[in-house]
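2 protein chains.
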Amino acid sequence: MPLLFTGSLGIDTVETPTGKRDDVIGGSAVYFAYAASFFTPVRLVGAVGDDCPKPMLDVFKGRDIDTAGLEVRQGSKTFRWHGSYVKDLNEAVTVEVDLNVLAERAPKIPDAFLDSRYVFLANTHPALQQQMLGNLKAAKLVVADTMNLWITTERAELVKLLGKIHGLVLNDGEARLLTEKKNLIAAARDVLKMGPKFVVIKKGEHGSMLVSDKDVFVLPAYPADVVVDPTGAGDSFAGGMMGYLATQGTFSPATIKRAMAFGTVVASHTIADFSLGGLQAIDREAIDDRWHQFKQAMSF
Amino acid sequence: MPLLFTGSLGIDTVETPTGKRDDVIGGSAVYFAYAASFFTPVRLVGAVGDDCPKPMLDVFKGRDIDTAGLEVRQGSKTFRWHGSYVKDLNEAVTVEVDLNVLAERAPKIPDAFLDSRYVFLANTHPALQQQMLGNLKAAKLVVADTMNLWITTERAELVKLLGKIHGLVLNDGEARLLTEKKNLIAAARDVLKMGPKFVVIKKGEHGSMLVSDKDVFVLPAYPADVVVDPTGAGDSFAGGMMGYLATQGTFSPATIKRAMAFGTVVASHTIADFSLGGLQAIDREAIDDRWHQFKQAMSF
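Protein chains in written order, with our numbering: chain A, 649 to 948; chain B, 649 to 948.
Derived from the structure by calculation, the hints contain no laboratory data.
Be aware that one or more of the hints could be misleading.
[What the hints assert, rightly or not] Counterexamples of contact, computed for chain B against chain A with all Cβ distances above 12 Å:
| # | residue |
| --- | --- |
| 1 | 698 |
| 2 | 730 |
| 3 | 866 |
[Claimed, not checked] Derived coverage of chain A by chain B (criterion: at least 3 residues anywhere in the stretch with Cβ under 8 Å from a Cβ of chain B; other residues may be distant):
| # | segment |
| --- | --- |
| 4 | 711-723 |
| 5 | 780-787 |
| 6 | 804-816 |
| 7 | 830-844 |
| 8 | 862-868 |
Note that the Cβ used here is the ideal one computed from N, Cα and C, for glycine as well.
Work the whole structure out from these sequences, hints included.
Below, the structure is given as structure tokens:
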């Protein structure tokens, strides 16, 4: 089933201990859509400026990604991010950021996308997330992401959003900030009380955790001995997870666990190269192979 | 098969967000021996001073722990540690420490223990560790622990020790310090080059990792929503792991994985109460039940 995703597309400059890349494609939507498209058709909603080099958007060519919702906005500039992982591969230091088109009005969801049943609301203002969701009358599985900024400044809107979605994906620091609980399981249980049926906490190099009504599941990251560029790992994880879920038509804990393992494996490929290079180098078979190997390695 | 363990016994004062306990039993040997004794007979080697309240040592009564190597040294004082986890449950702040008897000569290994085949050399000066090992002619599986102090000040002796043991258990910070590699898999592989057949890296709340010649295995911590007192978690993990290994007579990667899961489960009981309270509240059946539940929860 098609998976609707709305998020950012950008031009990144990234420095890591391995080297530096200038003006490469980045943004949550790019990683998410590419990752999810290994599993299911993706409907992409986002905006770039008229400065965005056309070849950059060609990354979606040949993928099962419907870019009808990708707006090239005249007179606007593309979102740009310059980050460095030179000091710590687990935490990006933002050297420079220009929101540009991201600071303007939200891109429109094409009418043809309004019947989407699987939806991932990437991190943006929670009022906007609710507005988008309001248009999607057939939504069956809605998962959202958020960030520190909204937890701090738009808490009331965020809580409203939480009452309307099935799943929330956030990182450990955000979970602690949202609930003021240090223990992540306790934090996730507090989030469940706000509405979602399940919470997935991303812990970076330490993997991820699923907490639902009856289940706590902890999954380590795929053990990688070489990390070239962690940019997009979290979005690739979410994309792989949601892409797999959209093919299953159910979101039982067992299904979400398998989906998280797929997300973990996709993310492990993302970090093996700069920008989209890691994902461009693989196919679904490589993902399945590593998934089975991971499953095997994780059993005891 | 009996498992020989030498380590510290002490009187602890511990503060955590849950409360404070004064003058409770502590020390690596206490947690390790108690944890291992759920699985296999333990031969304990250690020393306390003549100030150690007799009832404190009664914790070993009724357990399969041979205390022939436990010396009550006249005129000496027992090791004391006062630690606080009030700021961060994952990192103890040492408020006060008195090495006392630990700063004196090492306790003697009783002749009856010299035929031990399974040995855990707890953290102490690596020259002492080698000296003890030199007496144990029948040792079949020798695993050692170490700490920052020896990595920094006694590196040459530590490297000599590494050439003589089968396994090394250390935490993530120590692995990085020893090898100057940030990536833990790369760090563990460097340790393997120094001699051991396997390395187990403890990552606290993030679980543990096994690296051997052909295998990388990552195991999350047991998901605990209440942590009362993390003191002894690492020693309980090592005790449970070694206790199980001593019953298996082999240390294949598959066996070590199962052993690590047992260590993880034992540690999850340790942190549920102050001092030894968590371990005193359970039996082997409770460990096996949680082990199976953990194994089930970890599969996807």
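Given coverage of the segment 830-844 of chain A by chain B, tested with a Cβ cutoff of 8 Å and a minimum of 3 residues: As far as the segment 830-844 of chain A goes, the hint holds, because 5 residues have Cβ atoms under 8 Å from chain B.
Q: Compute the least Cβ-Cβ separation between residue 866 of chain B and chain A, then decide whether it is above 12 Å.
A: violated (4 Å)
So is the segment 711-723 of chain A in contact with chain B by the C-beta rule, three or more residues under 8 Å, or is the coverage claim wrong? Since 0 is below three, the answer is violated.
Quiz item: Does residue 730 of chain B really sit off the interface, with its C-beta more than 12 Å from all C-beta atoms of chain A?
Solution: holds (23 Å)
Proximity test - 8 Å, beta-carbon atoms, the segment 804-816 of chain A to chain B, at least three hits: violated (count 0)
Quiz prompt | Annotated coverage of the segment 862-868 of chain A by chain B, confirmed only when three residues or more have a Cβ within 8 Å | solution = Since 6 is at least three, the answer is holds.
Discussion item. Please check whether the beta-carbon of residue 698 of chain B is more than 12 Å away from every beta-carbon in chain A.
Written reply: The claim holds: residue 698 of chain B sits with its nearest Cβ about 41 Å from chain A, beyond 12 Å.
Can the segment 780-787 of chain A be counted as covered by chain B under the rule of three residues or more with Cβ-Cβ separation shorter than 8 Å?
violated (count 0)
When the structure is compared with the earlier hints, violations turn up for hints 3, 4, 5, 6 and for no others.
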